[in-house]
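The whole structure should be built from the sequences, with the hints applied where relevant.
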Amino acid sequence: MRKFVLHYLLPRILQYFTVIFLGITVTFIIPRLSPTDPVEAQVSMILSSGSAVDPEAIEHMRAALTEMYGLSGSPVEQYIAFWGRLLRGDLGPSLSTFPTPVTQLIGQALPWTLGLMLAAVILSWIIGNILGALASYYPKNKLIYAIDIMSQAVRPIPYYVVALVLLVVFAYLIPIFPFSGAYPVGTRPSLTPNFVLIYLKHSALPALTLILVGFGGWFIGMKSLTSNIISEDYVVYAETTGIKERKILTQYIMRNAMLPQITGLGLSLGTVFSGALIMEVVFQYPGMGMLTLQAIFRNDYSLIMGIAIYSIIGVATSVFLMDLIYPLFDPRVRYQ
Amino acid sequence: MSIFRIIRDLLKYDSRFRIAFVFLSAILIMMLLSFVSPYSPNKTFVVAMDMPPSLEHPFGTSSRGQDIFWWMTFAVRNSFLLGIVTAVLSRVIAIIVGLMAGYEGGWIDKILMAINDSFVVMPLLPILILLGFLLRGKMNFFTLGLILGIFGWPWDARLIRSQVLSLKERSFTRTAVYSGTHPFWITIHEHLPFVLPIVFATTINNMLWSIGMEVTLSVLGLSDVGTPTIGTALFWANQHGALVAGVWWWIAAPTFIAIILFLGLYLLFSSINEYIDPRTRLRLIGG
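Residue numbers (the working numbering), protein chains in the order written: chain A, 1 to 336; chain B, 1 to 287.
Read the hints as simulated data drawn from the structure, not as lab findings. Every residue gets a Cβ at the ideal spot worked out from N, C-alpha and C, and that includes glycine. Please note that the accuracy of each hint is not assured.
Unchecked claim - Simulated pairs of lysine-lysine, DSS-like, Cα-Cα distance not exceeding 27 Å:
no.: 1; chain 1: A; residue 1: K140; chain 2: A; residue 2: K3
no.: 2; chain 1: B; residue 1: K168; chain 2: A; residue 2: K142
no.: 3; chain 1: A; residue 1: K142; chain 2: A; residue 2: K3
no.: 4; chain 1: B; residue 1: K110; chain 2: B; residue 2: K168
no.: 5; chain 1: B; residue 1: K12; chain 2: A; residue 2: K140
no.: 6; chain 1: A; residue 1: K142; chain 2: A; residue 2: K244
no.: 7; chain 1: B; residue 1: K43; chain 2: B; residue 2: K110
no.: 8; chain 1: A; residue 1: K3; chain 2: B; residue 2: K43
no.: 9; chain 1: A; residue 1: K140; chain 2: A; residue 2: K244
Unchecked claim - For the chain A half of the interface with chain B, some residues (derived, Cβ under 8 Å), not all of them:
no.: 10; residue: T18
no.: 11; residue: T292
no.: 12; residue: Q294
Right, here's the structure in full:
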């Protein structure tokens, strides 16, 4: 147990804090290195909106904005204050929907993205792994070969382009799925069976985008992992003893190839999250991606800052949780 | 073996390489055509607006009165150039970090890899969006390449490091150490040549990543939208509501070209990757 904590748990906890520390530090540094001063940008935007404001009020506003952006004091002081506010969970008010706190806006958007991402990641992982194992176990099967080609052809295409193609084909040319959103305008999200059905129908294409791009990687990974195992002595022995093919495939082959794939699941979350953001923009899905787009269009600096910070902490935490679950699958880690 | 023989062999035996060759040749021809374009990409309203594809305008014309085919020749060239700029910069960082971490080991390795792994799991898009947002209007084409280059190295640094770890245990490294070669020259003269084939393969992979990132950032309006790229083509089409207005060819052209470019690069990557991997080569000759 001591060895487990020392050699497995401790490095992971350290890594978790390194990711968050580095990520937050980068988001702290970026605005300060940028040639645009967010305070001046905001002031000039308000001035250009045409209203006449007296110079004293502008000066007052400038001071308030400097305070709000955490730009007062020396860089070290700013940095400490930045962490202080973060640890209190205070990301400041959103500028475009003043004075709604940024955390509240993110809180409303996050569940949509999370639900979609979770479903898509799990589905693509399962589908990719099963098909990948089948592909190396039945190399002559035409259907699986066709899926192989298809998955590898979609894999390099950016999420945005795949989403666009799916949208045009399945909502525009062959209109079987709704064009945009997570539910029609005018309905209120609720937990009735009817709404769930509408929600599923609206989420089908966004989820399909993530799955199509995602499962090729798991597929090719599982295929190469199992291709080594298939010729192992114990598999050949199991085959000669007449154990059912299905059992050999799941219990003997796939189980032994699973571990790197579980590790990969954690590592892929950051990329999938980025993909989900841009995919939402195409489908106008009301999650973090749409929130980001709104923030960009409305010049809402504090909201973008909040989204970046939330994304880093969120993804790092999910990766950390995956690491904590990992020993359940790998007995070697548990019994060190 | 000369490079031409490698290409000839790959063309003969690897169907993926053949497809990649055709796709990338088409892309290359498009890039070269940009030098003889009859229209400047910066001028708007030089041809009739919203014309569907025809013999005169193979990809149609846009609502900004530009010939989409000729405009796309510049876009492909710029996107490709961006990929190269990003790849070169991030390769330099990846090679330095990978060689150092792999050869030195110990604390240097631990610290470098901790930073490396943090960048691997971090969601880069929100950070790049923050950057793009703050640099909006000031972002030019090369700044974008630089920024992407700074963020694009971690996956490959780890790959190079793992290669060096195994090279370090080979006898030639020991011979070099015992004969008093400076560690710097061991990594440069003895290890780097072994690592270069992987560097080449990852270059292509990195270009896929950066060109894709450019599309994403441009669609959000966060890149230099004045420069024609695959991403800005989609940005302008969206700005003019091309799909709603029925000008579908404006969306279709960049999408189609993006698919050709990405598939071509990816197939080239996987073909070369397999070629330089000694295990698969052994399997091919039945060893």
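Checked hints:
no., hint, verdict
1, A/K140 x A/K3, "violated, 46 Å"
2, B/K168 x A/K142, "violated, 44 Å"
3, A/K142 x A/K3, "violated, 48 Å"
4, B/K110 x B/K168, "holds, 17 Å"
5, B/K12 x A/K140, "holds, 23 Å"
6, A/K142 x A/K244, "holds, 22 Å"
7, B/K43 x B/K110, "violated, 53 Å"
8, A/K3 x B/K43, "violated, 68 Å"
9, A/K140 x A/K244, "holds, 19 Å"
10, T18, "holds, 5 Å"
11, T292, "holds, 6 Å"
12, Q294, "violated, 11 Å"
Hints 1, 2, 3, 7, 8 and 12, counting from the list given before, are not met by this structure.
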